[in-house]
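There are 2 protein chains.
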Amino acid sequence: MLVLITYDINITEAAGARRLRRVAKQCVNYGTRVQNSVFECQVDATQYVKLKHLLLKEIDEEKDSLRFYSLGNHYNGKVEHYGVRRGIQVDEPLIL
Amino acid sequence: MLVLITYDINITEAAGARRLRRVAKQCVNYGTRVQNSVFECQVDATQYVKLKHLLLKEIDEEKDSLRFYSLGNHYNGKVEHYGVRRGIQVDEPLIL
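Protein chains in written order, with my numbering: chain A, 1 to 96; chain B, 1 to 96.
Derived by calculation from the structure, the hints in this document are not laboratory data. Hints may be right or wrong, so weigh each one.
If several chains are the same, the list does not tell them apart, and a pair holds so long as it fits within one copy or across any two.
[Stated by the list, open to error] DSS-like mimics (lysine-lysine), calculated; alpha carbons at most 27 angstroms apart, straight line: (1) Lys57 / Lys78; (2) Lys50 / Lys78; (3) Lys52 / Lys78; (4) Lys78 / Lys63; (5) Lys63 / Lys25; (6) Lys25 / Lys78.
Whole structure, please, built from the sequences with the hints as guidance.
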């Protein structure tokens, strides 16, 4: 199934930049970065549980925000993209 | 239906910050900001077409990225949130 992962990592402190890098690196192991803080991951149920567990270990739930959207297996036509496609370095600090 | 809108607006130039504000303000008319550049919008088919049209008028397709994910009408259990929930000023410049 396709799972969309979106996150806001609070980088006002140095530790935040580290969390940002680590969250992105975990996501890259399971999917594709489609925007600065948006990943699309093809996972089965077991992988999904594991990925959630890994990401929850990386974020600070008092400062960061992490969202998962399950798009199921039939998502063609449910996703539309406009504008630039980015090949983004996962550890590149990004200004939005 | 629930539509998820995610965007990356290139703000390396002043015009980008203006596009960022205008995109967020359009989205707010149709839904809720759940993360810095992520909105959840409850729209019918007509509203969806209109919102897409409005947002495509605001972005610069050479510099920005805009994605739409249709989650349909039955999305309970498809969306999970962890961490802070943000009440975000739509015109607040955001550093990610």
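Against the structure, the hints come out as follows:
no.	hint	verdict
1	Lys57 / Lys78	between (30 angstroms within a copy, 21 angstroms between copies)
2	Lys50 / Lys78	both (25 angstroms within a copy, 17 angstroms between copies)
3	Lys52 / Lys78	both (23 angstroms within a copy, 14 angstroms between copies)
4	Lys78 / Lys63	between (31 angstroms within a copy, 23 angstroms between copies)
5	Lys63 / Lys25	both (19 angstroms within a copy, 25 angstroms between copies)
6	Lys25 / Lys78	both (26 angstroms within a copy, 24 angstroms between copies)
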